[in-house]
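Undergrad: Construct all of the structure, not just a fragment, from the sequences and the given hints.
If you read the protein sequences in the order shown, they are chains C and L. Position 68 of the first sequence, counting from 1, maps to 67 under numbering that gives the first Met the number 0, and the rest follow consecutively. Position 308 of the second sequence, counting from 1, maps to 307 under numbering that gives the first Met the number 0, and the rest follow consecutively.
Among these hints, one or two may not hold up.
Unchecked claim - With a straight-line cut-off of 20 Å between C-alpha atoms, the simulated EDC-like cross-links for lysine to aspartate or glutamate are: (1) L:Lys-125 to C:Glu-63; (2) C:Lys-55 to C:Asp-223; (3) L:Lys-28 to C:Glu-171; (4) C:Lys-55 to C:Glu-250; (5) C:Lys-62 to C:Asp-48; (6) L:Lys-28 to C:Glu-183; (7) C:Lys-16 to L:Glu-114; (8) C:Lys-103 to C:Glu-161.
Unchecked claim - Stretch by stretch, here's where chain L covers chain C in the computed footprint (C-beta under 8 Å, at least three residues): (9) 25 to 36; (10) 210 to 222; (11) 256 to 264.
Everything labelled a hint here was simulated from the structure, so no lab data went into it. Since the structure is predicted, the reported quantities are computational estimates derived from the model, not experimental observations. Built from N, CA and C at the ideal position, the CB exists for glycine as well.
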Amino acid sequence: MKKKHFEGRHLVEYFMKTIMRISLVFVAGALGLILWTIISRGIPSLTWDMITQVPKGGYYMGKEGGILNAIIGSAYLATGGTLLAILLSLPIALYLKAYIGDSKWGEYVRLSLDVLWGIPSIVYGAFGFALMIAFGVRASLLAGIIVLALVELPIMTRAMDEVIRRMPADLEHAALALGSTKFEVALRVVTRQMLPGIVTAILLAFGRGIGDAASVLFTAGYTDRIPTSLMRPTASLPLAVFFQLGSPYPEVRERGYAAALILTIIVLAVSFGARWLSGRLNRYTVK
Amino acid sequence: MSETNQSLNIQAEGRFTRPSAAPRTRQDKLAQHTFFIITLFPVFLILIVTIALFLRAWPILSEYHFSELLLGEVWKPNSGEFGFRPFILGTAWVTIVGLLLAVPPCLLVSIYLAEYAHARTRSLAKPILDLLAAIPPVVYGVWGLLAIVPFVDDILAPLADRWLGSVSIFSVTQPTGFGILAGGIVLAVMIAPLIVSVSFEVFSTVPNDLRHASLAVGATQWQTIRNVVLPQVTPGILAAIVLGASRAFGETIAVLMVVGNVPNIPTSVFDTAYPLPALIANNYGEMMSIPLYDAALLGAALVLLIVILIFNILSTLVLQRMLRRKSA
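TA: Take a look at the structure:
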């Protein structure tokens, strides 16, 4: 009798489970392949000069120099963009939690943030460019920072909102019952309790910002110097990779691979850092 | 401080007044108004971006008929011909190939993670997806250039030539590896984390009772998924796919690096293409020197934006409704 229980449907079950596992291995394998390609091709031309020097004369023909200009430029751009984005996204996320909750207006705000998230960075770049023409501004660090802040804003706010939303309502009620105003709840309860999530959201957005090329292409320009003022153009890592890969000189292309490796390391470090930090900070919250 | 003292003094004189909450309430109201004004920003930003691009694109929209721009096949900015058709078709081809490659494995992975996998597998899969999502587009481009383009050139193209040469969408005419297929493969990997995580979220909206009821009457797990879970989540899955499509549609740098950038009308997956975002990114440098060129490129950005807005608003509305059902 027992044998009869094995029917075609069990075979289907087994088959589906197998191809699902294969798909999962496929996706994981893609990540492995990407990392392996970037690391194995990047390491040979990764030298100390790459990260400590700015391009010297003839750098783009394979002579000496490095991409310190792009590393510093990207750090400025992403840090500036992230700080600017925090100024907007923290209030929005707190407002959504402490003041309006799941109301209609809250839904509109979330909807528009999700839609903004979907807008590709090339469109933000084109928008920034349109504004720059209108105001007569040249490509500069400031323009790049503003456009990156726009790119990062929806990512950061939605990530914050997702964690803040999950805060136990009891904490909020307890504070309100003691006579706190909503603002005090937002500032002293929500922000502290949800600090790990907020930090993760900020780092997530920073990682996205530092790797974004299409938005800064129009707005930040490119230069071999490290920017000394907000109104100067600045280089950035993604564009350093992009431009060097387009070079006819093999040495320069090799350095492009190394630049891609540097960018990947930074982004992965930020990503792991976010995970580690949120784990550490989580110890101090009310469970 | 002085407020408190004052109120205490008054109490000491025997008259009853509550300690004044005025400054704190005022601070609260002020914060509420400020926060409210800040939340207006994202809502209006969508409008502002659309209007700004529309205004910059107006010179060309007023000069040419809309269908002339969208359907025109010739792109010669120097002689005033702005036909977007090759670029629109290029974008469509790359997006569709990317989706076709990404959707089946991504759905299987999300079903596996949502329905079958151990908590341990899940906690291993999450960082993998996070890392895939964190890798910058330009790095995907480098990977495409170093790994996918040679792979298409050395392995896929000869295979297709040998076995599928008679099928026109697989015919190989420009054997370089650069082209729609390479772009599609890179895009498929780029949009995978998005599709997997959104559809995973959607699967978790189905109440467990339904699964248990089906399993209890003897259905296998796959039967339960097919007949009970999937019908519940179809709109959400479609929304996840549309989100993936719109991400693919606007992807610029990674695609630009592997797709060949030749403005032809593609007929095969091995053909080169020139998607809209690549057009914008490649030509921003010279666009101020040719009349109407900047209007044409910002018009291209406008077309991109409008298609993506439609895709995004529809899918987000569907998802918001589904996820609300879960919390209710």
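Undergrad: Look at each hint and say if it fits the structure.
TA: Evaluation of the provided hints:
Pair hint Lys-125 of chain L plus Glu-63 of chain C does not hold up; C-alpha atoms about 42 Å apart against a cutoff of 20 Å. The hinted pair formed by Lys-55 of chain C and Asp-223 of chain C meets the criterion: a straight-line CA distance of about 8 Å does not exceed 20 Å. Using a Cα cut-off of 20 Å, the hinted pair Lys-28 of chain L and Glu-171 of chain C holds, with the two alpha carbons roughly 18 Å apart. For a cut-off of 20 Å, the pair hint linking Lys-55 of chain C to Glu-250 of chain C stands: about 15 Å separates their Cα positions.
With a C-alpha separation of about 11 Å, the suggested pair Lys-62 of chain C and Asp-48 of chain C falls inside the 20 Å cut-off, and the hint holds. Taking the CA atoms of Lys-28 of chain L and Glu-183 of chain C, the gap is about 11 Å. The hint holds against a cut of 20 Å. Our distance criterion of 20 Å between C-alpha atoms is met by Lys-16 of chain C and Glu-114 of chain L, whose separation comes to about 10 Å. The straight-line distance between the Cα atoms of Lys-103 of chain C and Glu-161 of chain C is roughly 17 Å, inside the 20 Å bound, and the hint therefore holds.
With 8 residues carrying a beta carbon less than 8 Å from a beta carbon of chain L, the stretch 25 to 36 of chain C meets the three-residue requirement, and the given coverage holds. Counting residues of the stretch 210 to 222 of chain C whose CB lies closer than 8 Å to any CB of chain L gives 6, so the stated coverage by that chain holds, three being the minimum. Here's how the stretch 256 to 264 of chain C fares: 4 of its residues keep a CB closer than 8 Å to some CB of chain L, so the rule of at least three is met and the hint holds.
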